[in-house]
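Going line by line, the protein sequences match chains A and B.
Under this note's numbering, think of the first position of the first sequence as 1, with each following residue one higher.
Under this note's numbering, think of the first position of the second sequence as 1, with each following residue one higher.
One thing to keep in mind: the hints can contain errors.
Claimed, not checked - Okay, the calculated bits of chain B under chain A, using three or more residues with CB under 8 Å as the criterion:
#1 16 to 28
#2 36 to 50
#3 54 to 60
#4 140 to 147
Unchecked claim - Label-pair distances were calculated between CB atoms; the ranges are:
#5 A:65 to B:151: 32 to 42 Å
#6 A:41 to B:95: 45 to 55 Å
#7 B:19 to A:73: 14 to 24 Å
#8 A:64 to B:5: 18 to 28 Å
#9 A:4 to B:97: 37 to 47 Å
#10 A:41 to B:71: 33 to 43 Å
#11 B:38 to A:12: 56 to 66 Å
#12 B:54 to A:180: 40 to 50 Å
#13 A:64 to B:41: 38 to 48 Å
#14 A:180 to B:151: 48 to 58 Å
#15 A:169 to B:86: 44 to 54 Å
These are computed hints drawn from the structure, not numbers from a lab.
Since the model is a prediction, treat every value here as computed from it, not as a measurement.
Cβ atoms here follow ideal geometry from the backbone N, Cα and C, with glycine treated the same way.
Now for the letters of each chain:
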Amino acid sequence: MGDQSEVARLRRGDLNALSSLLAQYQNRLYRYLLQLVRDRANAEDLFQQTWIRVAERIQQYDPSRSFEAWLFTVARNLGYDHLRRTQPESLDQRMESNPSGTLAQRSLVAPEQGALQRLLERERATLLATALDELPVMYREVLTLRFEEEMKIHEIAVLLEVPLSTVKTRLRRGLDGLREVLSGTGLDEERGKGRVQG
Amino acid sequence: MKTSEHDEIRELLALAAAGALEAEEQGRVDRHVQVCPECATEAEDWEILARGLRRLPTPQPSLGVVERTRMRAEARMAEEAEYRWQRGVLIFLTVFAWVLTILSWPVVRLLSAGLIDLVYPGVTQGWVRFAAIATMIWLAGGAVALLPALNQQRERRAI
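Bound-form chain B, shown alone (with noise of 0.2 Å):
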């Protein structure tokens, strides 16, 4: 038998026992076991080590931990799915906010007959101009219903 075999099959006793070989490897580690009752009293070694940790037993956390944590992780999924609905919502209004502004601009146009330029003067001169001060609305708005939201987002972090 080579020592330097011998020594090197050693190395892979602890490795054997925990199951974490190549197949080829397990299997060299397996023939000399066979032939070399050193390495095979150290297998066993090992093997009974590995048992041991097999065997230690599973502590359970307490039942009032499990209920309390479905109760908690439960509600967190309620939080959860409200905020993908808000944000859903959200989104939805805006486009649909937009996509009547957009569509609603000749009506507007055609009915305010002029009214309009009291309010917002040279504002139908076009497009541009009217996009612009739509645009500042919506950022306005849009500042305004996010504020409360950042807010809630902090607010759920801090717990």
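One chain only, chain A, in its complex shape (with noise of 0.2 Å):
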């Protein structure tokens, strides 16, 4: 694993090593918590904290398993805890609102398109980010860490502490959900284009 010696050094207790697992974390880690919450104010706050128990808990850390899948695990405990505190209702139901508007107003970058095709692809992006707020984040977690994260499903079992078919059948119905959310608004229709021309 590519990270194991820089979480040696870690445990060792060298802040050199704390600076680079955080570079190479932070957009990652701050993505998942932010499409947790939902809210960027609070998805600093518990990326500091998810940070802040790394750094007092390192010692406790098994070097045998995923130091990434450990991160998160962190990350996702303390992101449940603020649910829990906040809107525990948030756990367990359908989410209608987007207080923040954060996700949605995230702009795809792509330089090497043209200004139109580049407007089209952030209309889109808005669409699917603002579809996937809606809903429950059982299922906006799952469909993060496979489609954002791109972790194997074997390693959002691990993470999720949950096992595998269960893992299958909240991607399925994530997906599911978000292609009901997404019928009667553009992107639908946009997918039907880019069927025709693709």
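Using the hints, put the two standalone chains together into the complex.
Below you can see the structure in the form of structure tokens.
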């Protein structure tokens, strides 16, 4: 594993290793937390808490396990604690609103494309991100881990501490839900158009 | 084409787009899609959706947040290292003090020549009494040393 030497250095108290790991995981971890809590300020706060927890408990980390899985587990536990405290209904109910709109405002950067194409891509990404926000947290989380973090199914199962079959079920239901939310939006038509053009 | 197989494969198309099928299942889906236009269309729909999800842009934390996080985590690491060092020193000193106490017993007995009996009557009559008194002294000392440590731990948790 590539970052195991960095983790070993961190366990020995090397502060440079902390900076290196933080730089390596900062975007992915932040994206995951943002998908979980859907609020930029809270995601940033949880991001800080996660790394402080890592600094506190790095001696308890088992080096035979994946550091990435451990890191995301720490973040997930903090994220779920936060959701339980602030919006307990969000853990099992459908979310109807997008309080911060942060994900919907994310921009797609594709420098090689023309301006019109970029605009269309951005529009699609906005619609998709908004639709993703509509899903319950358990489905949103699995979709993020699979498609954005590109984790393997068994890695997600380890992280969420659920069987493989549960991950697949959530993935399937998440995609179904996403398609349901998207039906009636412009993206559904775009998907049809993309198929014809493809 | 069997309808049941068609329905079964159709159920797998979303997971196929997510790359979540076993090799054998994926093979079945691929073979079916080649001969079933309806499922081919459906599979393409799922693929477009999956591609869209993979292409979602990555939001980034602000530089200020990353820098603050790094500083706070480093400070916490330094605290943890200091705490571990203090604990190690405490354990060493405790063991060392006990060894010293036990080894010095014959010397104390020899040199005091009955004087120690005035301070602790009967202490020189046996190891058991000596050990009991030494234990009480150490427990009292330990409790005094433990109180600030517990207080410090409570403060650390409160932050």
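Checklist entry - Can the suggested window of 18 to 28 Å be confirmed for the beta-carbon pair residue 64 of chain A and residue 5 of chain B? => result violated, 43 Å
Checklist entry - Is 44 to 54 Å right for how far apart the beta carbons of residue 169 of chain A and residue 86 of chain B are? => result holds, 49 Å
Checklist entry - Lying within 32 to 42 Å: is that true of the beta-carbon distance residue 65 of chain A to residue 151 of chain B? => result Holds, since residue 65 of chain A and residue 151 of chain B (Cβ atoms, about 34 Å apart) stay within the stated range.
Checklist entry - Do the Cβ positions of residue 41 of chain A and residue 71 of chain B conform to the proposed distance bound of 33 to 43 Å? => result violated, 19 Å
Item to check | Status of the given 48 to 58 Å range, CB of residue 151 of chain B versus CB of residue 180 of chain A | outcome: With Cβ atoms ~55 Å apart, the hint holds.
Checklist entry - Does the Cβ distance between residue 64 of chain A and residue 41 of chain B fall inside 38 to 48 Å? => result Holds, since residue 64 of chain A and residue 41 of chain B (Cβ atoms, about 46 Å apart) stay within the stated range.
Checklist entry - Three or more residues of the region 140 to 147 of chain B near chain A by CB distance under 8 Å? => result With 0 residues in contact (Cβ-Cβ under 8 Å with chain A), the coverage given for the region 140 to 147 of chain B is violated.
Next on the checklist: Verify this for me: three or more residues of the region 36 to 50 of chain B with a beta carbon less than 8 Å from a beta carbon of chain A.
Outcome noted: It holds: at least three residues are needed, and the region 36 to 50 of chain B offers 7 whose Cβ sits within less than 8 Å of chain A.
Item to check | Within 8 Å of chain A (C-beta), three or more residues of the region 54 to 60 of chain B | outcome: Since three or more residues must qualify, the claim that chain A covers the region 54 to 60 of chain B holds, with 7 doing so at under 8 Å.
Item to check | 8 Å C-beta criterion, at least three residues: is the region 16 to 28 of chain B covered by chain A | outcome: Holds, because 4 residues of the region 16 to 28 of chain B bring their Cβ atoms closer than 8 Å to Cβ atoms of chain A.
Item to check | Whether the CB-CB distance between residue 38 of chain B and residue 12 of chain A falls inside 56 to 66 Å | outcome: Taking Cβ atoms as reference, residue 38 of chain B and residue 12 of chain A lie about 59 Å apart, which means the hint holds.
Checklist entry - Cβ-Cβ distance between residue 4 of chain A and residue 97 of chain B: within 37 to 47 Å? => result For residue 97 of chain B against residue 4 of chain A, whose Cβ atoms are near 40 Å apart, the range 37 to 47 Å holds.
Going down the numbered hints, you'll see the structure goes against 4, 8, 10 and 12, while the others check out.
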